[in-house]
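Protein chains in written order, with my numbering: chain L, 1 to 90; chain A, 1 to 90; chain X, 1 to 90; chain F, 1 to 90; chain E, 1 to 90.
Some clues are possibly wrong.
Copies of one chain are not kept apart here, so a pair can be met inside one copy or by any two copies together.
[Unchecked claim] Straight-line Cα separation of at most 30 angstroms, DSBU-like style, residue types lysine-lysine; simulated pairs:
1) K35 - K5
2) K5 - K23
3) K35 - K23
Keep in mind the hints are simulated off the structure, nothing from the lab.
Every value quoted in this text rests on a predicted model; they were computed, and no experiment measured them.
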Amino acid sequence: MKIAKVVGNVVSVAKIESFIPAKLYILQIMDIDLKPLNKYIIAVDTIGTAINDMVIYNTGSGARMTELTKNMPTDASIVARIDENSIENL
Amino acid sequence: MKIAKVVGNVVSVAKIESFIPAKLYILQIMDIDLKPLNKYIIAVDTIGTAINDMVIYNTGSGARMTELTKNMPTDASIVARIDENSIENL
Amino acid sequence: MKIAKVVGNVVSVAKIESFIPAKLYILQIMDIDLKPLNKYIIAVDTIGTAINDMVIYNTGSGARMTELTKNMPTDASIVARIDENSIENL
Amino acid sequence: MKIAKVVGNVVSVAKIESFIPAKLYILQIMDIDLKPLNKYIIAVDTIGTAINDMVIYNTGSGARMTELTKNMPTDASIVARIDENSIENL
Amino acid sequence: MKIAKVVGNVVSVAKIESFIPAKLYILQIMDIDLKPLNKYIIAVDTIGTAINDMVIYNTGSGARMTELTKNMPTDASIVARIDENSIENL
């Protein structure tokens, strides 16, 4: 898993039917110093997040290990929301 | 998932039989500013797209989470089509 | 699998319910000379580790091949703890 | 999936028994302009290819989605053979 | 799969119980010219190898497609041993 910031959302013109209940967010990936990288990933929101939230996302088959996403063709999902006090000892 | 542009298609000389109903597209991958990278991936079209379309594709086992692709040896599939209004708040 | 150092922990504001028993650590990944890279991964601790420990972590579906993690949406887990005598012949 | 050229083959001294019927090829990976990169992957041939052929290969669990490879410990398989007319609209 | 050289082994202080019968090796990954890269991976030995051996390893769920590794949380396994005559036509 990695830390990222929610920077945009996608309302597609057409999509796979199983994606209809999914909210697709564009996440900007953070580096080890929690600074934004020039890298992004599109992930399904499984916990209720909003633009500018800091989150943790996973990738691969783990992205389908939630009630919402188990039948969706996703390869990335938001699985936690964090704030400035979430990261300890770094 | 990532955003990409459909830039070519592949009509192979020989292929695995389960791939016969598959349309294989060459996708040029976009960066976080939606500018084209020098990177590509070959993906199965699951929603009906055409050359020059902007799309979202997934990778890994998620690429087989659609009716069309469930028995195909694909590791990448197009799962949504987008346009200039699809990306919000970026 | 790769070698990493436990450099921080995450106490998220909200997370997927199956993650509640999970301890999420931030791991700084080591290179082949066991020097720290500017790369990190967030992994579930499955064996009992602490800040500053050197560990081995896995990624992908293998991260769910333990009793603790089998139903969690993790894509990375700590699976061994090592010390300065663990690496031989390098 | 990606495009690659078959540049070598491997006749190993010892291997996992399930790999005995497998032909292992060294593939040089092509970039988006179909020029060779300094990158390779070792893949199982599932369709009958030869040195110098241009092919499409997949990776991950998709590499085991063919009759030949379903029980092999492969993470990459050749799934199509192409020629200079295979790539259209690029 | 990729080609690598066995350059070290790991005797961890603590590990997931299913890893007890596993021999964990540090592999230095080779490039397409069979020269060592500054990259490594830790893999389970499934065929009997030793320090300095040249091997082929796989990654991902394929690493668990052997009798030895099927219940281990590995994401990389050694699946073949090669020597200077193994690579043909390169």
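Enumerated hints in conflict with the structure, sorted upward: none
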